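Asker: Could you build the full structure based on these sequences and the hints that come with them?
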Amino acid sequence: MLGLNKKDGTLLLIVIGLTLFAPFLLNPFPVESELAQFNAGYPDLMQRFVIFGIFAIGFNILFGLTGYLSFGHAAFLGAGSYAGVWMMKLLSMNVIPAIVAAVIVAGLFSVLIGYISLRRSGIYFSILTLAFAQMSFALAYSVLTPITGGETGLQLSLDDPRILTGGAEGGNLPVPSLFGLEMRDSFDLVLGSWLFTFNVGYYVCAIIMIAAFYLAIRIFRSPFGMMLRAVKSNQQRMSYTGLNSRPYTLAAFVISGMYAGLAGGLMVSMDPLAGAERMQWTASGEVVLMTILGGAGTLIGPVLGAGFIKYFENIFSKINDQILHGWFAFLPDGLENAMVALVHPFIGKGWHLTLGILFMLVVIFLPGGLVEGGQRVGRFAFRRRNKKAEGAEAEGAAKQPAE
Amino acid sequence: MGVLEVKNVGKRFGGLQALGNVNLSVKENTVHAIIGPNGAGKSTLLNCLIGKLIPDTGSVMFDGQSVLGRKPHEINQMGISRVFQTPEIFGDLTVFENVMIPIFAKRDGAFRMHAYESVSNERDITEAAERMLEDVNMLDKRHVQASSLSRGDKRRLEMAMCLSQEPKLLLLDEPTAGMARADTNNTIDLLKEIKAKRNITMAIIEHDMHVVFSLAERITVLAQGTPLVEDTPANIKGHPKVREAYLGEAH
Chain A
1 MLGLNKKDGT LLLIVIGLTL FAPFLLNPFP VESELAQFNA GYPDLMQRFV IFGIFAIGFN
61 ILFGLTGYLS FGHAAFLGAG SYAGVWMMKL LSMNVIPAIV AAVIVAGLFS VLIGYISLRR
121 SGIYFSILTL AFAQMSFALA YSVLTPITGG ETGLQLSLDD PRILTGGAEG GNLPVPSLFG
181 LEMRDSFDLV LGSWLFTFNV GYYVCAIIMI AAFYLAIRIF RSPFGMMLRA VKSNQQRMSY
241 TGLNSRPYTL AAFVISGMYA GLAGGLMVSM DPLAGAERMQ WTASGEVVLM TILGGAGTLI
301 GPVLGAGFIK YFENIFSKIN DQILHGWFAF LPDGLENAMV ALVHPFIGKG WHLTLGILFM
361 LVVIFLPGGL VEGGQRVGRF AFRRRNKKAE GAEAEGAAKQ PAE
Chain B
1 MGVLEVKNVG KRFGGLQALG NVNLSVKENT VHAIIGPNGA GKSTLLNCLI GKLIPDTGSV
61 MFDGQSVLGR KPHEINQMGI SRVFQTPEIF GDLTVFENVM IPIFAKRDGA FRMHAYESVS
121 NERDITEAAE RMLEDVNMLD KRHVQASSLS RGDKRRLEMA MCLSQEPKLL LLDEPTAGMA
181 RADTNNTIDL LKEIKAKRNI TMAIIEHDMH VVFSLAERIT VLAQGTPLVE DTPANIKGHP
241 KVREAYLGEA H
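Protein chains in written order, with full-length UniProt numbering: chain A, 1 to 403; chain B, 1 to 251.
Just so you know, these hints were derived from the structure itself, not from any lab.
Everything numeric in this text was worked out from a predicted model, so none of it was measured.
Do not take every clue at face value.
As the list claims (entries may be wrong) - Simulated DEER-style distance windows between Cβ atoms:
#, chain 1, residue 1, chain 2, residue 2, range
1, B, 214, A, 383, 48 to 58 angstroms
2, A, 317, B, 137, 58 to 68 angstroms
3, B, 116, A, 363, 54 to 64 angstroms
Using N, Cα and C, we set each Cβ at its ideal position, and we do this for glycine too.
Answerer: Okay, here's the thing in structure tokens:
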């Protein structure tokens, strides 16, 4: 299918299925139930899932394939965001020019940073990218205020020219749209006590993410992708094989920078506001966590990691003591309070703690990330199924190594 | 005129004259060994040939062009492949991919942005890689991850990677260093096999006399950074100067 082998084709179909049916899959609990707070199927969060998925897919092309750990990728996301908002201020509220400009600006920006940073490798490369990103953040926050809006961030205003569509009509700020289709438009489907929301913005992001994922598969399976893995494996051998690793790493850096720009462009297409904090090192660190948590160097890993972290950030942080009291209400009073006190540091504002512990567990026990966990579970289930099917006779054979 | 012409090459590290006035000519289709005791300047000379070091004086001409000041990948593209002391392979990649990469490098040059094509569709590359693996008897291991190969197989794979580029000159840097006798003999057999199958020019830097005398057609003896003698193996064996340099024997 589409030039992919069977395994990759299946993977792509799974991703397409998961993203298109996400409004159902993420809202498994009825609206009125106790568990409704675990529903993640609201437009804002679903958009963030796929946008950060794109960000992580792109980051993985650099980190997963070449092993160059960039700690400054948020700078490209921020640059893309600013470019996107400027397009909406200057041209029109259509998201297409905003997204295209975001990708181009982030691409150019990453050529500049990549060209300098890639003169070093290992920790020095990481530090250089971090330094550049922090520099961009500081500039956006102060000196570049006319372009970036400084502390308040860059936002739309009523007197923007918007030369393609004319100024704002009436006293309301216009909203981003795709040829008249407004990004914030939603369609609610009520089935019994379940509510599913289908949002235009989400589906625009989802389709772009599927395209980005497809492109990533092609890059992974291409000769170019093979060379990038060769860079990670042995640069010495690479140069003595007649290959110049510098342009390969720069190309990977720019591609992942453009993915980050795309994510930034989509972010402002959903909510036309760009702030400098988007470039801060915490944002760069987040995408590193997503990629490692999901499984660096795997195709689906970064998307899983992005979803996982965003889910934690938005759902776990909402749980408060009151809800905990509700959960432990069946216990005697003293015990109930003790349990609540025990769990309290891990929820609400403490979600970072839970995430940190989970991250440590994954890195220690599953170096391949969530994908490796999935593979282990899959292998285990497969072996058990085989055992059951073949009965006692196979028991002896199964004790021998599987592969 | 040889394929590789080294003229008056000198290299100084601080107060140490590592190489002083080395002249060397490697003729086409010969196996030329460069031997010498520890510290004779063998590795320095090799590093000057492949662009890792730039000599202070003299010239290194390969195939009529100077190699000095060129980057390692450019020198490789000129037709010099190198086998390392410890096999340098792409450990994370499969054996098959390891052999495909040099063939890609040979066809597409130092860089090509072929990011949308699929590796499996590059028929001419995959077929050439299969032929090469068959040549070195490793076709059955093609899907094995290279880092899990035995040391002998790693050496074999590295050799296959270099040969798949059809180099005009193959440089071998102590190909048997740290090997057991059996492995050393296997490597000698492999090199003899390669030599018999294709007409190839080889330059071997070696410490082990057994290897040198079983392979070389021409030998240069290096001592304290200068060539002592250059001759055929038969003449080198009994040469008094060589004995002196190696054993420190006084006559």
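Asker: Each hint should be assessed against the structure and marked as holding or not.
Answerer: Comparing the hints with the structure gives:
1. B:214 with A:383: 48 to 58 angstroms: holds (51 angstroms)
2. A:317 with B:137: 58 to 68 angstroms: holds (60 angstroms)
3. B:116 with A:363: 54 to 64 angstroms: violated (33 angstroms)
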